[in-house]
Amino acid sequence: MSSSGAATGKIDNARTRSLGVGVLFIVLAFVLGLIDSRKAGGSGWTYFLQCYDFAFMFWFIIAIGMLSVLMVHHLTGGWWGLPIRRILEAGSRTIWVVAILFLPILLGAGHLFNWTHPGFIPDTAVDHFKHVYLQRPFFTVRAIIYFGAWFIWVYFLNKWSAEQDKTGDPVLRSKLSKLSAPGLVMIAITLSGAVIDWVMSLEPEWFSTMYGFIFMVACLLAGLAFSIVILRRVYQFEPLKATIQPKRLIDMGNLMLAFLLLLTYTSFSQFLIIWSGNLKDEIPWYMVRAFGGWGVIGALLLIFHFFIPFFLLLQRRIKKELPTLAMVALWFLVLTLLDIYWIVVPAYEQHRPQFRVLDFVALLGIGGLWLASFFTQLKKLPLLPLHDPRFEPHLEHQHGD
Amino acid sequence: MAKRALYGLLAEFETPHEIVAAANRAREAGYRRIDGFSPFPVEGLAEAVGYRWTILPTLVFFGGLGGGLTGFGMCWYANVLSFPLNIGGKPWNSWPMWIPITFELTILGAALTTVLGMMALSGLPTPYHPTFNVERFALASTDRFFLVIKARDKKFDLPQTKAFLQSLNPYGVYEVED
Numbered sequence: 023m024s025s026s027g028a029a030t031g032k033i034d035n036a037r038t039r040s041l042g043v044g045v046l047f048i049v050l051a052f053v054l055g056l057i058d059s060r061k062a063g064g065s066g067w068t069y070f071l072q073c074y075d076f077a078f079m080f081w082f083i084i085a086i087g088m089l090s091v092l093m094v095h096h097l098t099g100g101w102w103g104l105p106i107r108r109i110l111e112a113g114s115r116t117i118w119v120v121a122i123l124f125l126p127i128l129l130g131a132g133h134l135f136n137w138t139h140p141g142f143i144p145d146t147a148v149d150h151f152k153h154v155y156l157q158r159p160f161f162t163v164r165a166i167i168y169f170g171a172w173f174i175w176v177y178f179l180n181k182w183s184a185e186q187d188k189t190g191d192p193v194l195r196s197k198l199s200k201l202s203a204p205g206l207v208m209i210a211i212t213l214s215g216a217v218i219d220w221v222m223s224l225e226p227e228w229f230s231t232m233y234g235f236i237f238m239v240a241c242l243l244a245g246l247a248f249s250i251v252i253l254r255r256v257y258q259f260e261p262l263k264a265t266i267q268p269k270r271l272i273d274m275g276n277l278m279l280a281f282l283l284l285l286t287y288t289s290f291s292q293f294l295i296i297w298s299g300n301l302k303d304e305i306p307w308y309m310v311r312a313f314g315g316w317g318v319i320g321a322l323l324l325i326f327h328f329f330i331p332f333f334l335l336l337q338r339r340i341k342k343e344l345p346t347l348a349m350v351a352l353w354f355l356v357l358t359l360l361d362i363y364w365i366v367v368p369a370y371e372q373h374r375p376q377f378r379v380l381d382f383v384a385l386l387g388i389g390g391l392w393l394a395s396f397f398t399q400l401k402k403l404p405l406l407p408l409h410d411p412r413f414e415p416h417l418e419h420q421h422g423d
Numbered sequence: 043m044a045k046r047a048l049y050g051l052l053a054e055f056e057t058p059h060e061i062v063a064a065a066n067r068a069r070e071a072g073y074r075r076i077d078g079f080s081p082f083p084v085e086g087l088a089e090a091v092g093y094r095w096t097i098l099p100t101l102v103f104f105g106g107l108g109g110g111l112t113g114f115g116m117c118w119y120a121n122v123l124s125f126p127l128n129i130g131g132k133p134w135n136s137w138p139m140w141i142p143i144t145f146e147l148t149i150l151g152a153a154l155t156t157v158l159g160m161m162a163l164s165g166l167p168t169p170y171h172p173t174f175n176v177e178r179f180a181l182a183s184t185d186r187f188f189l190v191i192k193a194r195d196k197k198f199d200l201p202q203t204k205a206f207l208q209s210l211n212p213y214g215v216y217e218v219e220d
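In order, the protein sequences belong to chains A and B. The numbering used here numbers the first residue of the first sequence as 23 and each following residue consecutively. The numbering used here numbers the first residue of the second sequence as 43 and each following residue consecutively.
No lab work stands behind these hints, which were simulated from the structure alone. No residue lacks a Cβ here, since even glycine has one placed at the ideal position from N, Cα and C. Don't take every hint at face value.
[To be verified] Computed list of chain B residues with no C-beta within reach of chain A, every gap over 10 angstroms:
1) P99
2) G115
3) G130
4) K132
5) P138
6) Q202
[Unchecked claim] What follows is a set of in silico ranges between Cβ atoms, one per label pair, in the way DEER data are often shown:
7) A:G132 to B:P126: 18 to 24 angstroms
8) B:I143 to A:Q376: 35 to 41 angstroms
9) A:K188 to B:Q202: 25 to 31 angstroms
10) A:Q337 to B:I143: 42 to 48 angstroms
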């Protein structure tokens with residue numbers, strides 16, 4: 023019991039620090055935004071909302087990614103998920119904070135998205151669908167539907183998991199699996215819709231059918247990477263420690279490698295199709311991101327987000343130790359941030375990245391608040407699921423040895 | 043007819059847990075030339091019979107690298123040197139188009155190296171193996187687990203090793219003729 027007390031203390035500290043940073047920087051972000059909105063000839067709240075949208079997307083991706091990885095684990099089983107299950111669940115329970123953090127985007131959509139201006143998308147035969155789809159009220163309804171669906175799944179996944187701790191009823195195991203299968207379908211649909219609404223529609227003239235899927239894989243990678251980074255901070259406490267074995271860590275590393283390959287594959291496919299099609303409606307997205315002032319960041323992503331971690335994750339000696347594996351995971355989080363920056367921000371900084379101060383302030387503000395919520399949730403339940411029928415006999419066996 | 047040379051001693055076990063424990067005991071007792079046979083992969087058995095390291099991953103890496111370079115090289119040779127064509131006004135050296143082929147041949151090279159390298163390094167196919175001389179060994183492909191200590195092990199001594207294997211509580215111990 024004393025070791026779990028130490029874990030709680032550590033999580034409490036992290037929570038306090040996150041909350042302090044979050045409150046400080048979110049206030050600072052709003053103040054900077056307010057100052058900017060008062061500037062004569064300025065763009066009002068647009069500048070603030072652009073930075074906010076980018077920062078929000080990064081933390082949103084981690085939170086939804088954790089919900090997705092949790093459902094993958096419930097559906098497929100596998101030892102790799104046991105040590106991180108409670109971390110994933112805590113991440114999924116932050117969804118209501120994510121919803122609150124989304125409010126500025128929902129309320130400020132008029133300043134953020136060009137398509138909200140009447141007549142921006144004319145109701146012609148070609149653009150009829152876009153004209154109908156991209157309307158403020160429908161945009162709001164869709165956001166409510168997305169969050170509503172996420173709330174439902176988060177609620178039941180966590181409710182049944184907590185019940186499993188108390189009763190150990192084996193029926194719960196199959197209920198969790200059965201909920202997760204449609205849950206992943208739900209994520210595929212709602213997440214695609216969400217990123218199309220919140221990011222892709224920043225450039226309403228451009229579209230890609232691969233877009234939602236790329237984000238989905240990015241979510242899985244970011245969610246798993248974040249969980250591994252957190253696991254590194256709490257793994258020395260029993261009973262979690264007994265579950266950390268090289269074999270399981272290698273599985274986690276291989277899973278990150280698989281997500282990375284899928285991310286690279288889908289991202290490159292999108293590029294290849296648009297590049298070889300060479301159509302004037304489609305190529306501007308890459309003209310800005312791959313060949314303009316953003317080309318450097320595109321190249322950096324190729325090297326640092328793909329090649330280097332790819333070769334690192336091929337090596338067993340890196341995957342079988344948690345400290346080195348967590349380093350790679352942290353690396354992925356940093357590069358995911360750069361990836362999101364490269365995808366989102368060129369929509370309004372066409373020529374070159376400006377690295378605006380407000381980008382970082384918003385990132386720390388939203389991140390601090392979200393992390394505080396995450397640590398609050400992490401504290402609520404034991405760090406290891408107590409009665410998962412798939413793992414229980416093995417765990418007892420290990421203690422027996 | 044002269045008695046044939048001895049290959050080793052074979053011990054039969056009924057559970058995967060027993061054979062891993064037995065293999066660990068054998069290693070602790072100083073035996074090095076040991077091998078295990080099971081109807082399905084048993085966790086920890088490879089390490090218990092002395093598996094530490096194999097060159098196969100390195101071979102696979104170079105197999106993949108070779109495949110990838112071949113794929114990219116073929117595309118480059120065909121489109122730039124041998125038969126340049128103007129396709130949609132794109133440059134001859136349109137490398138993004140070659141990535142799928144490069145990727146496919148990387149996988150092909152790595153996969154072939156894995157399978158062929160695994161067979162070459164482990165000496166497969168093996169149509170004859172001394173353990174086949176023990177009739178009960180056929181059960182290794184159904185529900186029994188076998189541990190063999192080979193006669194060429196430095197510590198091997200027929201009565202002593204036999205007594206050692208008996209002490210591990212096997213279902214049976216058999217002499218294997220070469």
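Structure-based check of each hint:
{"no.": "1", "hint": "P99", "in the structure": "8 angstroms, violated"}
{"no.": "2", "hint": "G115", "in the structure": "19 angstroms, holds"}
{"no.": "3", "hint": "G130", "in the structure": "6 angstroms, violated"}
{"no.": "4", "hint": "K132", "in the structure": "8 angstroms, violated"}
{"no.": "5", "hint": "P138", "in the structure": "5 angstroms, violated"}
{"no.": "6", "hint": "Q202", "in the structure": "29 angstroms, holds"}
{"no.": "7", "hint": "A:G132 to B:P126: 18 to 24 angstroms", "in the structure": "53 angstroms, violated"}
{"no.": "8", "hint": "B:I143 to A:Q376: 35 to 41 angstroms", "in the structure": "39 angstroms, holds"}
{"no.": "9", "hint": "A:K188 to B:Q202: 25 to 31 angstroms", "in the structure": "56 angstroms, violated"}
{"no.": "10", "hint": "A:Q337 to B:I143: 42 to 48 angstroms", "in the structure": "27 angstroms, violated"}
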